[in-house]
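Protein chains in written order, with numbering that gives the first Met the number 0: chain A, 0 to 377; chain B, 0 to 474.
Calculated from the structure, these hints are not laboratory results.
All clues given are correct.
Here chain B is said to cover these stretches of chain A; the calculated rule only asks that three of the stretch's residues, wherever they fall, bring their Cβ under 8 Å from a Cβ of chain B: (1) 95-105; (2) 147-155; (3) 163-169; (4) 174-180; (5) 189-197; (6) 299-305.
Pulled from the structure, derived: some chain B residues nowhere near chain A, Cβ distances all over 10 Å: (7) L55; (8) E108; (9) A110; (10) G245; (11) K405.
Derived contacts from chain A toward chain B, CB cut-off under 7 Å, selection only: (12) N186; (13) H251; (14) Q252.
Where a beta carbon is used, it is the ideal one built from N, C-alpha and C, also for glycine.
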Amino acid sequence: MNRRHFLRASLSALLLPHAAWAQPAGYRRLLILVELKGGNDGLNTVVPHADDQYYRLRPRLALREVLPLDARTGLHPALEPLLPLWKARELAIVQGVGYPAPNLSHFRSIEIWDTASKSDEYLTEGWLARVFAAHSAPREFAADGVAVGGNDMGPLAGSGVRAIALNDPAAFLRRARLASPAGKGYNSALNHILRVEADIAQAASRLHGGTSFTTEFPRGAFGNAVRVAAQLAANPAGVAAIRLSLGGFDTHQNQAPIHQRLLGELAAGLGALKAALVEAGRWDSTLVMTYAEFGRRAQENNSGGTDHGTAAAHFVAGGRVKGGLHGEAPRLDDLDNGNLRHSVDFRSLYATALESWWGLPAPGVLKGRFAALDLLRA
Amino acid sequence: MRLALVLAFVAPLAAAQGMGAADARHLLARTGFEARLADVDTFARLSRRDAVERLLAQGNGAAVTPAPAWVGEWTDPRRVRAMDPDERKLFVREQIERGLELKGWWFSEMARTPAPLAERMTLFWHNHFTSSLQKVRSPALMYRQNVLLRRHALGNFGELLHAASRDPAMLVYLDAASNRRGQPNENFAREVMELFTLGEGQFREDDIREAARAFTGWSIDPASGEYLFRPRIHDSGEKTVLGRKGNFRGEDVLDILLAQPATAQYVAARLWREFVSPQPDPAQLERVARVFRASGYDIRSALRALFMTEAFWSSANRGALIQSPVELVVGTLRQFDVGYGDPLPFVLLLRALGQDIFSPPNVKGWPGGEAWINSNTLLVRKQFLERLFRVEETRVVMREPAMREKVDTLKPGARRFMVALSEIEFSGRAWLKPFEGREAMLPLVLLAAAPVGQPAGEGLDIVRALVADPVYQLK
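Can you make the complete structure from the sequences, with help from the hints?
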């Protein structure tokens, strides 16, 4: 943000009526969600390398070499690019994230995560969509949220949210003139299209062409998505939330090389994200969180892979994050039908983003009380 | 012009006995890809029932577009594993090229088929019994699966379920090869219940575990790429599936699933969302499901019942569904008689729009509905439509010697793409000719419901405005 922008923003904030004060204050802090599509194998990501049971359950897939974090826990070697964050204590690893009565279907379980529902509760609006419907980002923002890459809006899907999907900001701005936001709809499909047209027009009027960084971004779709996220973070008009995704984690077969490549892409991408956000002066005002529909079965299957499971470890990173291990390592000697029991409800991660990061009340959006985790420095 | 537009929607002039132009437009576009003026005129004279019968009689279960030359070829995976790195690289590159060619083949079949309903159903089953080139990696197997879906597209669902379940591409896609006695892989057993037959919530985790045992031994013969049952890795013990006990084989489990009323309800609901509206009417849906089940899963019977529901014809449901990328692109080319040589640009366009045929995102297929449209895909749709109307200009530019020289310097892939673009043909004037004196038919033919904007102008300008209207995205 340059000086003039800053002045204008602070002055206009002074002019806002009182009620508006409470709402948007927190959205100067950015939330970036990274979806690990297909269900990441938590046990081979954050590895209980001192647990004999781990090697018994996974005679072929157990990792013999890890990056040790402590006497019991280690990271998959492909995650080496995350070690600088870990050493700077800016990387929190939350173990055992899941929910009660887990569902093992990809589609149902990601719906549960995207809508922050109970296992047997069917909600249609994404959890971030509900947040922004109740507390929208300031008008001068380009959008409440942006989904980068991927074909779905995930937690941003819903009707009360200003959300756009974006793969390439420059192409978006070139094409945005084709949007025709005027007109009145008469059914839900048409209303959806008109809303998208209006969101395009709004975002296009606020975004500019893109920042260039000295940071080098990894090649490939995920590296590109990280670049777009960094550009959005650096944009003066701002967005409050960004969702990135990395696909291919459904490793039923021949998991070892596939998982190695995916975790490598993830770690390189997150490393580049930090570098670019530091460059843009946004690292201290950004919170990055991974999520996925589930982890995988504790025992390997007969195809050198793992079947759908339940709880898994997730990463939380940022300049204000309290690094270290959080939650509890899953117990491999106390499985539930072959699956890991969760120790942290995923909605506690969301509560952390809502309450501790944005300063918003969480129980309404999450439809219940979930304790925020102690993941942030004051 | 404005008045005529309103009239076209408020008071469609029904012919004496027939259903009239508005109903004909609706039926043709909903069950096919587009409604051309000549077809609208023909169908307008039919009753709804006769028109539905005529659609159901279309198609003979085979494609009209000649298949690529290599579809009968099969390379033993053991031979692939034994290739040296260079040979393997060439092999992989060839498979990727064939994958693109396969997508182009299907695209052209959709663009040219004389049986659009059968084609829509082939695509519907591709999205039901999903498999993806991404994982199957053999264009030949994916072609064979398409032939199978096409043959059964308007046939019998029970036969289709049995055939699709042992289809080689499906066996690869859902890991049949690693489902063995003592170490079952549950992937197929889960999806056959959740996505192919019963739907979510109609079975328990135990049913999946037990069913997976019944499917052990289903495999592919590496020498031929055909289905092969391997008794030695089949678990012949007793299983309990949905309350029934027996030494089931996979076929028995499929029959148990077909005997559940939930299967007809689930498939009928998916058909409803494809053809009628986003939210099924429970009573009308139940009638369709009953007809479907009572007919022994005859797909034509289900469609006949569906197309004769009140909801199908209800004016509130006109324009209530969002066109899929395939429907939008194929329908637009068919509507405007767009000519092309190489289908590559359209194959890539479908990918950019989120419907990469032969490569659905996951086993659940494309979610469809409102998920088709976000800010990115909507702009790509609009850009495609806008450029189509500038094709005549583009062709002139592409023919200029300077431009041709530039194209010649491109890499082969990019050159192919540019040449393909230059071959796209559309003549607005010729297309508009049959509308002379019948301009009021333009909005009726092009839009599923009243425009939200105020399309104005003359000739091609009004066509361009109608196509740019948000309602053009609906069906």
